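284 is the number of the first residue of the sequence shown in the numbering used here; add one for each residue after it.
Fair warning: there could be bad hints in the mix.
Unchecked claim - Ranges between beta-carbon positions, derived for each pair: (1) Val-612 to Met-544: 46 to 54 Å; (2) Thr-393 to Asp-302: 19 to 27 Å; (3) Gly-517 to Gln-329: 23 to 31 Å; (4) Arg-371 to Arg-401: 14 to 22 Å.
Unchecked claim - Within a straight-line C-alpha distance of at most 20 Å, the following computed EDC-like cross-link-like pairs (lysine to aspartate or glutamate) qualify: (5) Lys-624 to Asp-603; (6) Lys-652 to Glu-600; (7) Lys-365 to Asp-288; (8) Lys-646 to Glu-657; (9) Lys-365 to Asp-394; (10) Lys-365 to Glu-343; (11) Lys-365 to Asp-390; (12) Lys-365 to Asp-398; (13) Lys-365 to Asp-437; (14) Lys-646 to Asp-630; (15) Lys-646 to Asp-507; (16) Lys-365 to Asp-297; (17) Lys-365 to Asp-526; (18) Lys-652 to Asp-507; (19) Lys-365 to Asp-416; (20) Lys-365 to Glu-430; (21) Lys-624 to Asp-507; (22) Lys-365 to Asp-290; (23) Lys-646 to Asp-594.
These aren't lab readings, by the way, just hints derived from the structure by calculation. Small disclaimer: the values here were computed from a predicted structure and weren't measured. Cβ atoms here follow ideal geometry from the backbone N, Cα and C, with glycine treated the same way.
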Amino acid sequence: MSLEDRDALRVLRDAFTPDLVHRFYTRWFALDVSVRDLFPPEMDGQRAAFAHALHWVYGELVERRAAEPVAFLAQLGRDHRKYGVLPRHYDTLRRALHATLRAHLGDSWTDAVDDAARQSLNLITGVMSGAADADEGPAWWDGTVVEHLRVSRDLAVVRLRLDRPMHYYPGQYVNVHVPQCPRRWRYLSPAIPADPDGGIEFHVRLVPGGLVSTAIVNETRPGDRWRLSSPHGGLRVDRDGGDVLMVAGSTGLAPLRSIIMDLSRYAVNPRMHLFFGARYRCELYDLPTLWQVAQHNPWLSVSPVSEYGADPSWAGEYPDVTPPRGLHVRQTGRLPDVVTKYGGWGDRQILICGGPAMVRATKAALIAKGAPPERIQHDPLSR
284 MSLEDRDALR VLRDAFTPDL VHRFYTRWFA LDVSVRDLFP PEMDGQRAAF
334 AHALHWVYGE LVERRAAEPV AFLAQLGRDH RKYGVLPRHY DTLRRALHAT
384 LRAHLGDSWT DAVDDAARQS LNLITGVMSG AADADEGPAW WDGTVVEHLR
434 VSRDLAVVRL RLDRPMHYYP GQYVNVHVPQ CPRRWRYLSP AIPADPDGGI
484 EFHVRLVPGG LVSTAIVNET RPGDRWRLSS PHGGLRVDRD GGDVLMVAGS
534 TGLAPLRSII MDLSRYAVNP RMHLFFGARY RCELYDLPTL WQVAQHNPWL
584 SVSPVSEYGA DPSWAGEYPD VTPPRGLHVR QTGRLPDVVT KYGGWGDRQI
634 LICGGPAMVR ATKAALIAKG APPERIQHDP LSR
C-alpha cells in the first residue's frame, strides 16, 4: 500500500513534533558531521520550520494531493543549493529521519508504517535532489552594497549591484545572507522591479532580537558583499482582474512598491488604492516617492496611516518624509480599523504585506466585512 495507505501516512504526519525534530537533527549531525556547518548556531527556527513543512507535506499526502507538495519540495531543493547542500547530504538526511521516526514511534512502527516511511522519504529526498541537479540557473547571486540609507531609527534602505542580473517578478521575495551573520538567512522583498543592470533595493526594519535585521540596519556599509537566493512567492496584480486594494505595514511596502513601479509602465491600469501604515508619521519613509508615482499615474491613490498622532522626540534626527500636497489626508489608527471603515473591499483584488500580526488582523477584519478570502493575497506568514 505504501503511499496509498492513508492511516500509515497519518501516523507519520502526527509524529512531527518538536521533540522528534530535535532528535532528528542530533542524529543527522552525528551521522554526517559536515552537515552541521551548513546551519546557523541556533537551531530553534530551523527546527520549527522543518517540522511545519514536513507536517504539511504528509498532510497533503494523506489527502492524496501530491502536486503541491512535489512543487514545494522541488523549489526547496533548488533553493537549498545556496547553502552548499550536496547529493550525499540527502542520503544521510533520509537515513537519519527514517531511524528517528522508527525510534520515536516505537510500538506504532508497523510494516505498513515502515513501507510508507521509506517510500515517502524516498519521494521527499528524491524530488529535492533531482530538482537541484536539474536546475541550470545559478545557485545564488552575489552583490555589493552601493548605498545604505538610515531613513528612520529602525529603518534602512539598502541598494546593491549584483554581479549578474537576477530575474524576478514584482512582488516576489528572496533569501538574503549578509557577512555580519554567517549561516543565517532572512527573507526580504525587492522594492524595485528586476533591473537588467543588476540593481536591487531592499527596505529593512530592525526586529528586536533579530540578529540579521539588526546587522542590516545598524552595521551594513557600502562595499559589503551579500548573497541572494532564487526568488519565491507569487504576489501579483491581474491587470484584467478589477480594481485593487493594497495594505502595507512599514517595510511590507517593498513588494507592493515593486508591483506599482512595474505597472507604471502602462498607460492604463485598474484603479489602485494603497494604505501605507506605520507607528509614527516619521516612519512612513517612502511617502515622497509614492507621491511622485501617484502624481504621474492617476490610477494610484495613497492613504498614509500612522498608529499615533504625534512623532517621537527622535524623529528630528532623520529625514522629513512629509510629502507635498496631493496625497490623501493622513489618518490615525490601526491599519485594520482604518482600512475596514470604508467597507469590506469585496470587489477588489486585495494584497496585504507587513508583519504577520498585522497581516492576520487585516485579513480577518476584511473577511468579517465581507471580503472573499480567495481574493486576498499575502506572503506565507511562516517564511
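Do the hints match the structure? See the list:
For Val-612 and Met-544, the hinted distance range of 46 to 54 Å is not satisfied, since their beta carbons lie about 24 Å from each other. Thr-393 and Asp-302 have their C-beta atoms about 21 Å apart, which keeps the hinted 19 to 27 Å range intact. Separation of Gly-517 from Gln-329 is about 24 Å and conforms to the stated range, judged on CB atoms against 23 to 31 Å. For the pair Arg-371 and Arg-401, the supplied restraint of 14 to 22 Å holds, since their beta-carbon distance comes to about 19 Å.
The hinted pair formed by Lys-624 and Asp-603 fails the criterion: a straight-line CA distance of about 29 Å is larger than 20 Å. Distance restraint check for Lys-652 and Glu-600: the Cα-Cα separation of roughly 40 Å exceeds the 20 Å cut-off, and the hinted pair is therefore not satisfied. For the hint pairing Lys-365 with Asp-288, the CA-to-CA distance comes to about 35 Å; that exceeds 20 Å, so the pair is violated. Distance check on the hinted pair: Lys-646 and Glu-657 sit about 11 Å apart at the alpha-carbon level, within 20 Å; holds.
Simply put, Lys-365 and Asp-394 have alpha-carbon atoms about 37 Å apart, too far for the 20 Å limit, and the pair is violated. A hinted pair counts as satisfied when its Cα atoms are at most 20 Å apart, and Lys-365 with Glu-343 does not qualify at roughly 27 Å. Using a Cα cut-off of 20 Å, the hinted pair Lys-365 and Asp-390 is violated, with the two alpha carbons roughly 39 Å apart. A distance of roughly 32 Å separates the Cα atoms of Lys-365 and Asp-398; the hinted pair therefore is violated under the 20 Å criterion.
Of the supplied pair hints, the one linking Lys-365 and Asp-437 is violated, its CA atoms being roughly 29 Å apart against a limit of 20 Å. For the hint linking Lys-646 to Asp-630, the alpha-carbon distance of about 15 Å falls within 20 Å, and the restraint holds. Note on Lys-646 and Asp-507: the hinted pairing is violated, with a Cα-Cα distance of about 37 Å set against a maximum of 20 Å. Distance hint between Lys-365 and Asp-297 is unfulfilled; the C-alpha atoms sit about 30 Å from each other, more than 20 Å.
A C-alpha spacing of about 38 Å is found between Lys-365 and Asp-526, which places the hinted pair above 20 Å, so the restraint is violated. Between Lys-652 and Asp-507, the direct Cα distance comes to roughly 47 Å. Violation of the 20 Å bound is thereby established for this hinted pair. Note on Lys-365 and Asp-416: the hinted pairing holds, with a Cα-Cα distance of about 13 Å set against a maximum of 20 Å. Straight-line distance between C-alpha atoms of Lys-365 and Glu-430 comes to about 24 Å, which puts the hinted pair past the 20 Å bound.
Between the alpha carbons of Lys-624 and Asp-507 the distance comes to roughly 45 Å, so the proposed pair goes past 20 Å and is violated. Between Lys-365 and Asp-290, the direct Cα distance comes to roughly 36 Å. Violation of the 20 Å bound is thereby established for this hinted pair. Proximity of Lys-646 to Asp-594 is assessed by CA-CA distance (about 27 Å); at most 20 Å being required, the pair is judged violated.
Checked against the numbered hints given earlier, the structure breaks hints 1, 5, 6, 7, 9, 10, 11, 12, 13, 15, 16, 17, 18, 20, 21, 22, 23 and satisfies all the rest.
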